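Using the sequences and the hints, build the whole thing.
Counting from 180, one number per residue, gives the positions in the sequence shown under the numbering used here.
Bear in mind the hints are in silico, worked out from the structure with no lab data behind them. From a predicted model like this one, the values you see are computed outputs, not experimental measurements. Since no wrong hints were added, every one of them can be taken at face value.
Taking CB as the label site, the calculated pair distances span:
1) Leu538 - Pro404: 36 to 44 Å
2) Gln529 - Asn199: 20 to 28 Å
3) Asp307 - Arg488: 53 to 61 Å
4) Glu204 - Lys409: 20 to 28 Å
5) Glu240 - Arg488: 40 to 48 Å
6) Asp284 - Arg488: 38 to 46 Å
7) Trp343 - Gln405: 34 to 42 Å
8) Arg413 - Arg267: 25 to 33 Å
9) Asp503 - Ser402: 50 to 58 Å
10) Lys461 - Arg267: 45 to 53 Å
11) Arg408 - Glu465: 49 to 57 Å
12) Lys461 - Phe246: 55 to 63 Å
13) Lys206 - Thr467: 44 to 52 Å
Even for Gly, the Cβ is constructed at its ideal location relative to N, Cα and C.
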Amino acid sequence: MDFFATAALGRVGGVRRELNHMGIEAKGEGGGARFSASPAQAFQANLWLRTADRVLLIVGEGKALSFEDLFQLVLSLPWEDYLPQNARFPVSGKCARSQLMSVRDCQAITKKAIVERLKRHYKTQWFDETGPEYAVDVSIHGDMARLTLDTSGAALNKRGYRTWNGEAPLRETLAAALVMLSPWRGDTPLYDPCCGTGTLLIEAAYQRSDRAPGLTRSFACESWPQFPRKEMERLRQEAQARFDPSRIGMIGGSDIDPEALTLCKRHIKQAGLAGKITVTPKDLREVTLEAHKPFFLMNPPYGERLSDRKQCERLYRDIRALYDRHPGASLGVITAHTGFERCFGKRAVQKRRLYNGRLECEYLIYE
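This is the structure we're talking about:
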């Protein structure tokens, strides 16, 4: 089967490398990484991918210059190989640079064509849709349409530990990417002085302890009869056996906001990491670590509102003072503020463009 692991701009290469590390050959494309795999390997991708958003099963692709072309393309695909007679199959869609710009019409046509195909196969005029869910997506870019089934269910950033969100939460998949793209390899302490609700700290600890990000959640494909239940359970048990919290080492953080720290401690506990990550209430200006060559990783406020900009710029100068107080330290900062380097007073040795939601950001590394 052909699959597509979706990812935000700037994370496609990381998703491809993650798949290759699992022994699954993948190729980066616009919006994600494409790979051929067995159903069990697709489940493994859902279980282990840290930076991807979803894993989609590609049912078919083809040109669609008109609504009739789209109907005939969808009708020609072997939906009966995937959808049992009682399947629920909601249809979502998106169009970009296409002559077919009405997403709602594309969804309706896709649904109609699938129903027509299933009518012919199952010899019935009615489908009650009470069985497992197979979320269909019709994605049209230019003249090409791609029809997929979502094997993930809830997006892969939904790890299960973050049930409360603070202000401007960092998505788990982006936090994981920041850790993976950093120079930190676990042999030095990692510290987040703006830790908020703890997402960066938890994702760093998950990577160090070899903890599968999807270990305690379920995926849509687990209810599909085409996917091997015993094999999927074996892969989940193997992932559980690999989880080794003793490898985490020194990971900690602080924040000036007591409410954010309360949420942070809840999330750490829900992530199964109680006692492995230390967080304290502290102003960034007061942070002084005794640890040798720490790595500071943070997602400070961006100052998007003009009224907040000057306060954020003062914070960036305070971050420089923190950096200077720790000779030999390294620093990773993600920000949408284009003047961060000016305020910090030093150019980064590495820069990378990433997106935090819809915000275009720079990930800056100082060593």
